[in-house]
Each structure stands twice: as C-alpha cells, then as structure tokens.
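*Asks:* Sequence:
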Amino acid sequence: MTKAALLVIEGVEQGTRFELPDQPVALGRGLQNGIRILDTEVSRLHASLQKIRDDYVLTDRNSSNGTFVNGEPIRSRTLVNGDQLQLGRTVLLFTWPRDDVENRAAESVSLVGRSDLADQSSIVGKIPLFPGRAPAETPAATSSPSSEHQKFLANLHTLYRITEESVRPSITIEQLLQKILELTIEALGADRGCVLISDPQTKQVQPYAVGWKPGEAFAAGRMPVSRSIVDYVLRTGQGVRTSDAQHDSRFEGGHSIVQAGVREAMCVPMQGRSELIGAMYVDTTIPMDQALLGGRPPKFDEDQLRLLLAIARQAALAMETNRYQQAFVKAERLAAMGQTIATLSHHIKNILQGVRGGSYLIDMGLNGHDEDLVRKGWRIVERNQNKIYHMVMDMLTFSKERQPALQRRQLNEVIQELVEELEVRAKEGGVELRFQPDPQVPDSTFDPEGVQRAVLNVVLNAIDAVEGADHAIVQVETGYHRDSETLWVAVADNGPGISEDQFQRIFNVFESTKGARGTGLGLPVSQKIMREHGGEIRVESRLGEGSRFILAWPKSEEDHSVDSRTMS
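Once you know that position 548 of the sequence shown is 548 in my numbering, the rest is easy, because the numbers rise by one and skip nothing.
Hints in this document: simulated from the structure, not taken from any laboratory. Careful, some of the hints might be misleading.
With a cut-off of at most 25 Å between alpha-carbon atoms, the simulated PhoX-like pairs for lysine-lysine come out as follows [to be verified]:
hint	residue 1	residue 2
1	Lys-330	Lys-213
2	Lys-387	Lys-330
3	Lys-330	Lys-203
4	Lys-3	Lys-51
5	Lys-349	Lys-387
6	Lys-349	Lys-376
7	Lys-387	Lys-213
8	Lys-299	Lys-179
9	Lys-555	Lys-528
10	Lys-151	Lys-213
11	Lys-376	Lys-387
12	Lys-213	Lys-179
13	Lys-299	Lys-151
14	Lys-376	Lys-427
15	Lys-151	Lys-179
16	Lys-3	Lys-330
Estimated spans, in silico, between C-beta atoms of each pair [unchecked claim]:
hint	residue 1	residue 2	range
17	Lys-51	Ser-147	27 to 37 Å
18	Arg-531	Pro-496	44 to 54 Å
19	Ser-345	Pro-214	56 to 66 Å
Glycine is no exception: its CB is placed at the ideal position from the N, C-alpha and C atoms.
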C-alpha cells in the first residue's frame with residue numbers, strides 16, 4: 001500500500017515531503033517533534049498525527065495560532081487524501097492514494113445495452129461542442145434569447161474561457177493572472193483592474209497583474225487603488241460594489257478614489273480552498289468635471305459582482321494549484337538530488353577504498369624494496385583511477401544537453417580502438433573478448449568519442465556479467481543495414497541473462513544490477529548518446545542464455561569536422 005505523506009506546498013520548507021509512520025508523530029517547531037516545521041508562528045508542540053485503524057487523525061495540541069484543515073479550525077479531524085493542513089504560515093498537503101479505491105469504478109459501473117445508438121427515443125436534446133468555443137457559442141443557443149438569458153450566456157462564456165486558461169500547461173502564474181484580468185475587464189465593461197496577492201510570509205498585498213480596457217493601456221499613468229476598499233475586503237472576506245465610490249461611507253479617507261476620478265468600483269476576495277490569497281479589483285473612471293455634474297449611469301450590478309466573485313475564486317484555485325505543482329516539482333528535485341548524492345557517495349567510497357588498498361601495497365613495496373609488490377599496488381590504483389574517470393565522464397555526459405562532435409570516420413576503426421583498450425580488463429576477469437567487424441561498413445559521420453563511450457559502457461557491463469564464469473565470452477560486432485541505412489554495434493555475452501523485472505528497469509538512472517560495483521549511469525548514458533545520434537538501443541536476453549545489446553543509429557553523410565587549414 002502507498003504510504004501516507006505530508007508535502008509542504010507553502011512555507012519556508014516548500015517542497016519538503018514527510019512520510020508518515022504507523023506510530024503517532026508530533027508536529028511542531030521544537031526539536032522533539034517527529035515532523036519539525038521551521039515556522040515562527042508554529043507552536044513548539046503544535047499538533048499530532050495518529051493512525052487509528054485505517055485512518056490518520058490530526059489533533060491540535062492547544063497551539064497558540066490554531067490548526068486548520070481546508071481553512072477551518074479544528075480540534076481533531078480524520079484526514080482524507082487531498083486535505084490541506086495549515087499550521088502557522090505553513091500549508092501541508094495530506095496525500096494518501098488508497099490502493100483499495102483504484103478498482104472501485106470498474107467494480108461499480110456496468111455499461112448495458114447496445115453501443116450503436118440505434119434507439120434514440122429517450123434523447124430529447126443535443127448541443128454540439130466545438131473545440132475552443134463555449135457551449136453558449138454553439139448554434140443551439142441562437143433562438144432569440146431574452147436579455148437575462150443573454151447575460152447568463154455571456155457570464156457562462158467568460159467562465160468557460162477562464163477555465164480554459166487556468167488549465168493551460170505552458171503558462172506562468174503571472175501570465176495566467178494577467179490573462180484572467182484581461183478577460184474580466186472585457187466581460188464586465190470595466191475601465192481598469194488589478195490583482196493583488198498576499199505574500200505568504202509578510203501578509204502584505206502586492207500587485208501581480210494590472211490591466212486597462214483595450215486602447216487605454218497606461219493612458220492615465222499609474223493606477224491608484226484604494227487601500228481602504230482592499231483592506232475592507234480582506235478583513236471581512238466579502239465582495240463589495242459601490243456605484244458612488246467617491247461618497248461611500250465605508251471608504252471614508254480613501255483619497256485615491258477622488259484623485260483617480262473613480263465612478264464605480266468592485267473588489268472581491270480571492271478565496272482558495274484553505275486561505276484568502278488576495279483580492280481582485282476593477283473600476284470605472286470619470287473625469288472630475290463630469291463627476292461634479294452627476295456623471296453617467298452605473299455599469300456594475302449585483303450579477304456582475306457575483307461573476308467577479310466566481311472569477312476570483314477560479315484565479316485563487318489556479319494559484320493554489322500552481323503552488324502545489326511548484327512544491328511537488330521541488331520535492332521531486334530534492335528526492336532526485338538526495339538519491340544522486342547517496343548513490344555516487346557510496347560508489348566513490350568503494351573506489352577510494354580500492355585506492356587506499358593499492359596505496360598501502362605500494363607503501364609496503366617501497367619500504368621493503370619489493371618491486372613486484374609496488375607493481376601490484378599500482379595496478380589496483382590504476383584500475384580504480386579508471387573507474388573514477390569513467391564515472392566522471394558518465395556524469396558529465398548525462399548531466400547536460402550536448403550536440404555530438406561529428407566527424408567522418410570508419411566505425412570499424414573506432415570500435416577496434418576500444419576493444420584493444422579493453423582487452424587487459426577482460427583478461428583480468430578471465431573473459432575472452434572477441435571483435436567481429438563487418439568489412440562492408442561504410443565511412444560515415446558520427447561522434448566517435450560519444451559512440452566509443454556508449455559501446456564502452458555496454459561492453460564493461462557484459463564483462464562484469466560473465467566475469468569468473470567458465471568459458472566467459474563477450475563478442476563485439478559491427479554492421480550496416482543497407483535498406484534502412486543504419487549503422488549498428490552489437491555486444492553479446494554468454495552470461496546469466498536479464499530477468500523480466502530487471503529488464504523493465506535497466507535504462508533507469510541509478511538502477512544497477514551489479515550492486516555496489518555499479519553506479520547505474522552506464523546504460524542511461526549509452527542510451528542518451530544513441531538518441532543524440534537519432535538512434536536507439538535494443539536488448540535481446542533470455543535467462544541462462546546471455547544477453548545481446550544492439551546500438552543502432554542512422555548513417556549520416558554530413559561532415560561537421562573542422563578543417564585545420566581553414567583556421568587562422
């Protein structure tokens with residue numbers, strides 16, 4: 001069963017993930033807590049979580065600022081997947097995808113009857129949906145609706161467009177709020193508007209987006225917004241509308257209203273699932289001389305205020321989703337970083353132990369004037385030095401995007417050089433290393449160093465797989481498919497083969513079948529190099545019969561090599 005966890009989605013430690021144990025755990029700022037939250041508004045012993053049968057129960061421990069679940073203060077609450085916990089300024093997401101609900105839909109729903117829609121007697125209406133258009137825009141909605149119905153359809157269309165923007169994947173939260181504000185100003189007929197977001201740490205509101213109706217952007221310079229209106233909305237959590245902002249008694253002292261010539265204003269809270277995120281403000285303006293003469297009739301009404309409340313709610317939920325995504329990505333990044341450090345540290349430690357052992361033999365040989373012992377120690381040091389070199393090169397290759405350094409070369413020559421370099425390593429392990437080049441392989445353009453590294457990792461894996469076995473053989477072949485114009489290098493061994501569960505994971509980073517001897521970088525690096533060449537790695541393996549890796553990529557005639565005669 002998947003373990004329950006708390007993910008910090010807002011606060012100093014955004015992205016931190018705490019797995020929940022089966023035994024009770026304390027939450028708070030103090031050192032004694034199993035889940036320590038570095039937030040000055042969290043009590044030393046703030047709350048506790050306890051698993052009772054199949055549920056986790058959160059209990060407040062008389063904290064100074066209270067414990068909230070989905071924005072509501074609690075004394076004790078059974079948590080469900082997706083609940084948001086707020087302790088001080090820190091918001092945590094409770095995640096527990098229960099395995100027992102995964103198949104509930106399949107077990108509870110049954111499709112009955114025919115699938116050809118032959119019997120349509122019970123279908124009483126149809127509305128087609130066209131991509132990019134709201135249902136209100138479709139031809140079915142053209143039957144001379146009343147003004148109230150037209151207003152309803154217009155509001156529905158606005159919410160539809162805002163929903164589409166909210167789920168757009170390739171947009172920042174700033175761009176999203178700006179787009180929502182532009183749609184809002186258009187829908188409400190406002191002259192200006194802005195979005196004000198409360199900083200999670202300081203609780204001070206800051207402008208995130210500002211907009212004017214088309215043709216009037218920045219015409220009036222900076223846009224003054226009445227702090228008294230915004231403070232009222234944030235304090236009461238209510239949306240407000242004023243048809244005579246300059247004389248509204250709720251906003252006495254709002255000199256910005258008079259200075260800006262604001263005729264009407266609406267301001268609503270941006271209420272998320274668990275907290276008040278900020279406020280959305282729109283207004284209409286009127287010149288001072290017209291204001292003294294009575295001005296024009298009001299534009300805003302109660303229906304528009306309700307629409308603005310719905311829009312602000314959508315924007316707040318979009319911001320909360322964005323914060324969750326940021327926290328989730330950060331948590332994944334931290335987990336990957338921790339796994340990387342742990343894996344590489346363990347491997348480096350093993351290499352250093354080999355270097356120390358070789359150095360010890362060299363020291364003994366020098367003190368005893370024993371040249372054979374010195375040579376033995378040096379071979380150990382050299383072998384581990386090569387391991388460090390290959391590991392660093394794999395890390396560099398995997399960690400950055402690179403363009404292959406293309407040269408026109410003969411593949412057989414490149415692989416022959418590699419096999420000759422590995423013959424000593426193979427003999428040390430009692431492995432017969434064979435090379436079978438195809439004489440029909442043509443010259444082509446590829447990255448010789450990259451291809452050598454890709455093949456090197458596969459050959460070293462094959463040697464490790466058969467090392468110490470009777471009649472251990474690793475065979476390297478080259479070839480060329482004329483029909484597909486594909487170059488290939490195959491590495492085969494007569495080792496134990498790859499099991500089905502390992503087969504699915506061999507190209508995963510840090511997944512190694514060699515235990516402490518492997519970093520789990522070799523095959524992912526080889527695959528990355530092949531993909532940089534437009535190729536791929538295929539694997540053929542059966543338990544007890546060995547494995548065969550085929551590295552293949554398309555032949556290229558383009559010559560990217562640098563002619564030294566053209567260089568000044």
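*Asks:* Indicate, hint by hint, whether the structure satisfies it.
*Replies:* For each hint, the structure was consulted:
For the hint linking Lys-330 to Lys-213, the alpha-carbon distance of about 38 Å lies beyond 25 Å, and the restraint is violated. A threshold of 25 Å between alpha carbons decides the hint, and for Lys-387 with Lys-330 the separation of about 32 Å lies outside it, so the pair is violated. Simply put, Lys-330 and Lys-203 have alpha-carbon atoms about 23 Å apart, close enough for the 25 Å limit, and the pair holds. Our distance criterion of 25 Å between C-alpha atoms is met by Lys-3 and Lys-51, whose separation comes to about 12 Å.
Of the pairs offered as hints, the one joining Lys-349 and Lys-387 holds, with about 12 Å between alpha carbons and a cut-off of 25 Å not exceeded. Restraint check for Lys-349 and Lys-376: the C-alpha separation of about 21 Å stays at or below 25 Å, so the hint holds. This hinted pair does not check out: Lys-387 and Lys-213 have alpha carbons roughly 65 Å apart, beyond 25 Å. Straight-line distance between C-alpha atoms of Lys-299 and Lys-179 comes to about 22 Å, which keeps the hinted pair within the 25 Å bound.
With a C-alpha separation of about 17 Å, the suggested pairing of Lys-555 with Lys-528 holds against the 25 Å cut-off. A hinted pair counts as satisfied when its Cα atoms are at most 25 Å apart, and Lys-151 with Lys-213 qualifies at roughly 20 Å. At most 25 Å may separate the alpha-carbon atoms for a hinted pair to count; Lys-376 and Lys-387 meet this at roughly 17 Å. A C-alpha spacing of about 12 Å is found between Lys-213 and Lys-179, which places the hinted pair at or below 25 Å, so the restraint holds.
Taking the CA atoms of Lys-299 and Lys-151, the gap is near 14 Å; set against the 25 Å cutoff, the hint holds. Restraint check: the Cα-Cα separation between Lys-376 and Lys-427 comes to about 16 Å, which is no more than 25 Å; the hinted pair holds. Taking the CA atoms of Lys-151 and Lys-179, the gap is about 21 Å. The hint holds against a cut of 25 Å. Distance hint between Lys-3 and Lys-330 is fulfilled; the C-alpha atoms sit about 19 Å from each other, no more than 25 Å.
Under the hint 27 to 37 Å, the C-beta atoms of Lys-51 and Ser-147, about 58 Å apart, miss the expected range. The supplied range of 44 to 54 Å is broken by Arg-531 and Pro-496, whose beta-carbon atoms lie about 28 Å from each other. Between Ser-345 and Pro-214 the Cβ separation comes to about 58 Å, which falls inside the hinted range of 56 to 66 Å.
When held up to the earlier numbered hints, the structure conflicts with 1, 2, 7, 17, 18 and fits the remainder.
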